[in-house]
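Chain by chain, the residues:
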Amino acid sequence: MPEVAHAADRRDAAWWIDRAVQILVLAGGLSAIVFIAGIFVFITREGAGFVFDRFDFREFFGSPRWTPTSSHNPTYGALALIAGTASVTGLAMVVSVPFSLGAAIYIGEFATGRVRETLKVLVELLAAIPSVVWGFIGLSIMNPLIIQVFDVPVGLNVLNSGVILGLMAAPIMTTIAEDALKAVPDTYREAAEAMGATRWQVTLKVVLPAARNGLVAATLLGVGRGFGETMAVLMASGHSINLPTSPFDSVRALTATIAAELGETAAGSDHYGALFVLGIFLFLVTFAINFAADVFVRGGQRKHRRRGRRPAASANP
Amino acid sequence: MSLPVQVGETADYAIEVEDLAIGYHGKPALTGVTLQVPTHEIFGIIGPANSGKTSFLRAINRMDLMTAGMEVSGSVRVEGRDVRSWRNPYALRQRIGVVFPLPVGLPLTIYDNVALSSRLRGTRKKADLDVIVERCLRRAALWDEVKDRLDSLGSLLSGGQQQRLTIARALSQDPSILLLDEFSIAVDPVTTMRIEEVLAELKSEMTIVLVTNLVQQARRLASRTAFFLTGELVEVTETETMFEGGAQDPRTTAYVEGKFG
Numbered sequence: 000m001p002e003v004a005h006a007a008d009r010r011d012a013a014w015w016i017d018r019a020v021q022i023l024v025l026a027g028g029l030s031a032i033v034f035i036a037g038i039f040v041f042i043t044r045e046g047a048g049f050v051f052d053r054f055d056f057r058e059f060f061g062s063p064r065w066t067p068t069s070s071h072n073p074t075y076g077a078l079a080l081i082a083g084t085a086s087v088t089g090l091a092m093v094v095s096v097p098f099s100l101g102a103a104i105y106i107g108e109f110a111t112g113r114v115r116e117t118l119k120v121l122v123e124l125l126a127a128i129p130s131v132v133w134g135f136i137g138l139s140i141m142n143p144l145i146i147q148v149f150d151v152p153v154g155l156n157v158l159n160s161g162v163i164l165g166l167m168a169a170p171i172m173t174t175i176a177e178d179a180l181k182a183v184p185d186t187y188r189e190a191a192e193a194m195g196a197t198r199w200q201v202t203l204k205v206v207l208p209a210a211r212n213g214l215v216a217a218t219l220l221g222v223g224r225g226f227g228e229t230m231a232v233l234m235a236s237g238h239s240i241n242l243p244t245s246p247f248d249s250v251r252a253l254t255a256t257i258a259a260e261l262g263e264t265a266a267g268s269d270h271y272g273a274l275f276v277l278g279i280f281l282f283l284v285t286f287a288i289n290f291a292a293d294v295f296v297r298g299g300q301r302k303h304r305r306r307g308r309r310p311a312a313s314a315n316p
Numbered sequence: 000m001s002l003p004v005q006v007g008e009t010a011d012y013a014i015e016v017e018d019l020a021i022g023y024h025g026k027p028a029l030t031g032v033t034l035q036v037p038t039h040e041i042f043g044i045i046g047p048a049n050s051g052k053t054s055f056l057r058a059i060n061r062m063d064l065m066t067a068g069m070e071v072s073g074s075v076r077v078e079g080r081d082v083r084s085w086r087n088p089y090a091l092r093q094r095i096g097v098v099f100p101l102p103v104g105l106p107l108t109i110y111d112n113v114a115l116s117s118r119l120r121g122t123r124k125k126a127d128l129d130v131i132v133e134r135c136l137r138r139a140a141l142w143d144e145v146k147d148r149l150d151s152l153g154s155l156l157s158g159g160q161q162q163r164l165t166i167a168r169a170l171s172q173d174p175s176i177l178l179l180d181e182f183s184i185a186v187d188p189v190t191t192m193r194i195e196e197v198l199a200e201l202k203s204e205m206t207i208v209l210v211t212n213l214v215q216q217a218r219r220l221a222s223r224t225a226f227f228l229t230g231e232l233v234e235v236t237e238t239e240t241m242f243e244g245g246a247q248d249p250r251t252t253a254y255v256e257g258k259f260g
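In order, the protein sequences belong to chains E and V. Sequential numbering from 0 applies to the first sequence in numbering that gives the first Met the number 0. Sequential numbering from 0 applies to the second sequence in numbering that gives the first Met the number 0.
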């Protein structure tokens, strides 16, 4: 007589599938960590030689002289590159924060029905425009426009790339900011409106404070995007090493420097290592920005949901 | 203790509803409601789910303006004036306090929750706001529990406390009408009794419409009670009469005796 397992012990197909899926998603999750760690190890290893042999902290962060190809006295001062990236990103935020916040508030709080749906699709479409196209716009439209309007000799500068980058970052920031507004429960809006608050008062006094963390996170992710953007900045910034003193100065960004120079260097040379150190610096900064954004998002979630998240399925015995 | 039904001038009524019908996207939710609520009365509304009680409240403070697909016909007069003739519906809503079934502590501090309405109307002075906040929290029987943590988040209070916060917030509007929609759903019985005591006191200052899922609550508080059933007003009767078997309609008697619903 064949032994039939008791129903309480019989593991059926559903049980095995559940098991397999748990292992698969665990592998997926771990692989993300492995890749990030792998990237970090790689760029650190490539830059390590330079850091130990040649790296001079004061020169790197204090000198604007980036002349790695000089035959008799190569210098590796990244200050101008950092200033270039920072000035372009800063201007981009000045452009994109009001636009994206306004767009998110309109889509999330004021627009209704078809207008709202259409706008959402359009904004998401804008976010999908490749950065080289934005660079092209900077080069062929913004450049002559700036020369004409401001009467300056060169139109490829902080202003050009800042505006381009701002327009690039705005759709993503709008989408994230709108998600943050949507996460605010409608009961809050209804309660405030029932008190006689106008739509704008509801937005200003209730919705925006409630969504504040998500909005900060949206801005930070926009900053991260600006910091890491390469192609559009390379094309629109003028790509000349400069400590900018006005928006009409051409600058060069960290990312653009790596993109433009890495192909010209001999692997293992000082120049090669220096570019990887720029990469490490970029990695750390964007990591810090994304981490900060994440902290803000979590802070925002805690505010609305008193009860904790549903606990994840416990591992099977 | 039932008030005599006043038949007098218009101004004696806080709310007059005539032939009110409400629908959503063309589907009727409430039809043919005609009733009057005298000033300074607690007016009870009972009835099972989907009988149109909440829709009725929403028509009074013109929430239909912000509810997609909600259609209202007939007339609702507040203090003698048709609510649809108010060119500024926000001003109408300021005169009407609303308490929702589930407490909504706004994600602001306790202080800011209660000060919000006054601030919206332009009160800026801290001293004035302090007075308003304390008075309203005291009247909602919440002051003693929160006076030491007015700057913590209102949305983190317990359900019963949040509901009293909501009532304090409604009182801060200095309303002439208070609409309560099944306020005790998420509130423990002890807190419910405390809120009921508060309501009984407030009656001298404002008109209260109490929609309730607890028929005994209507009996304890309301001088007259309306029975809504599947989108229809069955009757409006003196509460005591209704509960002592004197209802005009057998369905009402069956409902208050707990035979259905």
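Derived from the structure by calculation, the hints contain no laboratory data. Hints are supplied without guarantee of correctness; some may be wrong.
[Stated by the list, open to error] Computed from the model, here is a short list of chain E residues facing chain V with C-beta under 8 angstroms:
| # | residue |
| --- | --- |
| 1 | 61 |
| 2 | 63 |
| 3 | 67 |
| 4 | 197 |
| 5 | 199 |
| 6 | 205 |
| 7 | 208 |
| 8 | 259 |
Each residue gets a CB set at the ideal place from its N, CA and C atoms; glycine is no exception.
**Prompt:** Measuring from the C-beta of residue 208 of chain E to each C-beta in chain V, is the shortest one below 8 angstroms?
**Reply:** Status holds, d = 7 angstroms.
**Asked** How about residue 205 of chain E: closest beta carbon in chain V under 8 angstroms, or not?
**Response** Holds. Min distance 6 angstroms.
**Request:** Answer holds if the nearest beta-carbon of chain V is closer than 8 angstroms to that of residue 67 of chain E; otherwise answer violated.
**Result:** Constraint on residue 67 of chain E not satisfied, violated at 52 angstroms.
**Prompt:** Should the interface hint for residue 197 of chain E be scored as holding, given a Cβ-Cβ cut-off of 8 angstroms against chain V?
**Reply:** The hint holds - residue 197 of chain E has a Cβ within 8 angstroms of chain V, the shortest such distance being about 6 angstroms.
**Request:** Go through the hint on residue 199 of chain E and say holds or violated, using the shortest Cβ distance to chain V against 8 angstroms.
**Result:** 11 angstroms, violated
**Asked** With 8 angstroms as the cut and Cβ atoms as the points, is residue 63 of chain E at the interface with chain V?
**Response** Where the cut-off is 8 angstroms and the nearest Cβ of chain V is about 47 angstroms from residue 63 of chain E, the hint is violated.
**Item:** Hint check, residue 61 of chain E versus chain V [nearest Cβ-Cβ separation less than 8 angstroms]
**Value:** Hint violated; residue 61 of chain E Cβ to chain V Cβ min 45 angstroms, cut 8 angstroms.
**Proposed interface contact between residue 259 of chain E and chain V, which counts if any beta carbon pair is under 8 angstroms** = 48 angstroms, violated
Of the numbered hints given earlier, the model fails hints 1, 2, 3, 5 and 8; all others are met.
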